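Colleague: The chain contents come next:
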Amino acid sequence: MTILDVRGISKRFGGLQALSDVTFSVGEGQIVGLIGPNGAGKTTFFSTLVGLIKPDRGSVALEGRPIVGLKPHRVAAYGMTKTFQNVALFGDSTVLDNVLTAGLLRHDVAAARHEARRCLDRVGLLAIAGKQADTLSFPERARVELARALCTGPKVLLLDEVMAALNPVEMREIMELIRSLRDDGITLLVVEHHMRAIMAVCDRILVLNFGKLLADGTPKEIASHPEVIEAYLGQSMEKHR
Amino acid sequence: MQFVQAIVDGLLIGGVYAVISIGLTLVYGVMGIVNFAQAEFVMIGMFVAWFAWSWLGLDPVLAAPLSFAVAFVIGWFVQGHLISRVLKAPSVAQIFLTVGLLIVFENGALLMFGSQFRSVTTPYQTTSLSLGSLFVSLPYLIAFGMSLTCGGALWWFMRSSWFGRAMRATALNPSAAQLMGIDAGLMYRIAFALGVGLTAFGGAIILPYATVSPTAGADYVILMFTVVVLGGLGSVAGAVVGGLAVGIIQALSALVFPIQLQNLVLFLVFIAVLAVRPQGLVGASR
Amino acid sequence: MTRWMIGLGALAAALLLPLSLDPQGYWIRVLTFTFLFAAMAQAWNIVGGLANQTSLGHAAFFGIGAYTSTVLLIKFGISPWIGMIAAAGLGAVAAFAIAIPTMRLQGHYFALATLAFGEVLRVVANVWTSVTGGASGISVPFSPPSVANYSFKLLRPHAYIALAALVIVTIIFEAIRRSAMGYRLRAIKENPAAAEVIGIDTTKVKLQAAIISGMLMAMLGTLYAQVAVFFDPDTVFSAGSVSIRVALIAILGGIGTPAGPILGAFFIIPLEELMNDWFSASAAGLSQLTFGLILIVVILWRPRGFVTLFKSLSARPGGAPA
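Quick mapping for you: the protein sequence lines, in order, are chains A, B and C.
Going by my numbering, the first sequence opens with residue 677, and the numbers climb by one from there.
Going by my numbering, the second sequence opens with residue 40, and the numbers climb by one from there.
Going by my numbering, the third sequence opens with residue 708, and the numbers climb by one from there.
Note that these hints are calculated values from the structure, not bench results.
Small disclaimer: the values here were computed from a predicted structure and weren't measured.
Just to be clear, a hint being listed does not mean it is correct.
[To be verified] In silico EDC-like cross-links for lysine to aspartate or glutamate, where the CA-CA straight-line distance does not exceed 20 angstroms:
1) K860(C) <-> D729(C)
2) K831(A) <-> D768(A)
3) K831(A) <-> D697(A)
4) K730(A) <-> D908(C)
5) K888(A) <-> E739(A)
6) K911(C) <-> D879(A)
7) K747(A) <-> D681(A)
8) K807(A) <-> D768(A)
9) K888(A) <-> D860(A)
10) K747(A) <-> D729(C)
11) K127(B) <-> D879(A)
12) K127(B) <-> D681(A)
13) K831(A) <-> D879(A)
14) K747(A) <-> D732(A)
15) K888(A) <-> D732(A)
[Claimed, not checked] Computed beta-carbon distance windows for the label pairs:
16) A717(C) <-> M151(B): 52 to 60 angstroms
17) A786(A) <-> K782(C): 44 to 52 angstroms
18) L294(B) <-> R688(A): 44 to 52 angstroms
19) A314(B) <-> V845(A): 27 to 35 angstroms
20) D697(A) <-> W201(B): 45 to 53 angstroms
21) V845(A) <-> A871(C): 38 to 46 angstroms
22) G796(C) <-> V175(B): 33 to 41 angstroms
23) V845(A) <-> A215(B): 31 to 39 angstroms
24) E852(A) <-> W201(B): 54 to 62 angstroms
Beta carbons: idealized from backbone N, C-alpha and C, even for Gly.
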């Protein structure tokens, strides 16, 4: 069953066409990867989905309900939220309070605290729940972001580079977590630069390039898609040379 | 006719408003600080000019460079030792540091000079030129002329001198400017000192038709903020347009409203601009 | 636990203090104003400390409160207690009206806009002579002393009422801080975009905080009117001696903490009185000058306020120990 339906989303910033006519839909319980070179519009696209950026054209439906034009908190209440690529924690608060605040969307303070502990446990950070968010390492912060987003009780969760700067062990843990979230019935959209991770964890991959949807298919199809290799993998190889 | 006369008066006064407000917008544009104490430099400039007139017999208009210099030195110190410490602090610390400065300047002046109002007498004080049925007050005209000169000099400085260009580069991207060998701290000092110097300069040139007292700054606070917000905080060109606009708004509202309500018009314009277009009507911004 | 002990100890001392002072003397008046200004700073703290919106226009609500109850008393003989409720209503309306255009603004812009709003009301109160009596001020008419009339022969009951107000406003502040609203306000303060994305209606929460703060401030305006008995627009709508002063008290004491406004008020108000007493004849402006200097020093060297001098009081906003 389709949970997220995106039709013809376009957004222009001054002279830059950040997104043009992006259309696709996602079935419930899928893990969908979103890849593309730097500046392809991935983060802009996530921000548009949750309502931080208003698209010039196009529609988004979450479980059949149109959400374009709604404020982000309404979108969150309907069940879709995202993490922030550059990490946007409440730095002065503790890890627990960061996550607890998200739990308040559907619970009172006491229940939100309980829920927050559960989410922290899932991302493996319960031990540092009392630490101040500012004092954490980058990988830890990215996980707090994840726990916080999770604590809103989402149906669709957009993860923006939560695996950046992780070591292989931590990366495997997060991939496990993503799969287990899917098993709980959460649909995930994942932006990630690490190709091997994304190929391994996703059921399906979308490729964005210059704001356009370039390809849409299984990891295997994408890996052998000539245009994708040219636009993305080619460039990435160049970068890694 | 009354209407045209009001426009002319408004333009002439507005030129001065532009000069006293440029410093406020310059400081915001370069380092993102709103200096609530800026208007106190109007008062400081007026006092310097008043003493130059009273002790040396200097015409306030000629004393204006002296006012500029005194304020420049104060500003250099204030920026280097105080403001520089809160550049990265939360806005509440920035706001209240400059509010603290405002309190110190106003009451420091009160302690030193007492609360009485002082004014100067100049030979041209009551002279008006008549152009057909229009009257142009000579002190207004002189102040406007000085403002033009001063604005032109600033424009040249920002466009053509190395300091001006370095300052604009710092405003756009402090870390990149630093990499190119520009001392951002020095640029901030120059910007702040220059900004308050201009404000004091403006204070001196209005002295022939205004009175000075320790609370003189308070009369200009909202006015100056209206000027820079109309033009867009951070935009020097905007401050010029804003200054002229505020001058005209004041002159026109004087035709319609009793004196107590004239400030109200200004406040309402100010709030409306902030609410509808906080980046300013002219649009250029930081 | 120690925080509770300190709180209870301070409350006991505050209850006893008025008894030890001359019930009609100078110092009980100072104490009353200290309680009152602490309560005002605490009300400001809801917006300025929790929501991080530096309002420089809280005199607007304070003045509305002072005039509402006094005008109702003069024109209709309505008890100031009822007047205080009316003041709360008008304060809420004013807070709503001010919040709508200023809500989107942050930092300096918000401070500027609220400053201008306060000034607008000051000008209006000066001009609207038929209701406010204009620039020449207004006197609270004499009513026979009784609790129902909110009229007393001595200052002592006023001191206790001001203390009660301080306790109530502090409890409201602390309740908000610990509630879901407190968590939401902290989230908005630190990252408004992230707060929205995790489901916080930032507009609504800020509006709620502004209205609560404005209501309380207006009610305290009524208290002030009853103590001061005479006031004019330039006093109660003053940017300097109301709006900036209450913010300054909260900031000096420790912004965003429940103890901050109380510490700040007990430092500033008595000191101000003492200095006015010592210096007023010889050097006008010296006490204000000193305050300016203290403010600068505190901001540069103790940006989190005096509260950080007392370890047990300076709980981090999130509740974790500092």
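Colleague: Please list, smallest to largest, the hint numbers that this structure does not respect.
Modeller: 2, 3, 5, 6, 9, 10, 11, 12, 16, 19, 21 and 22
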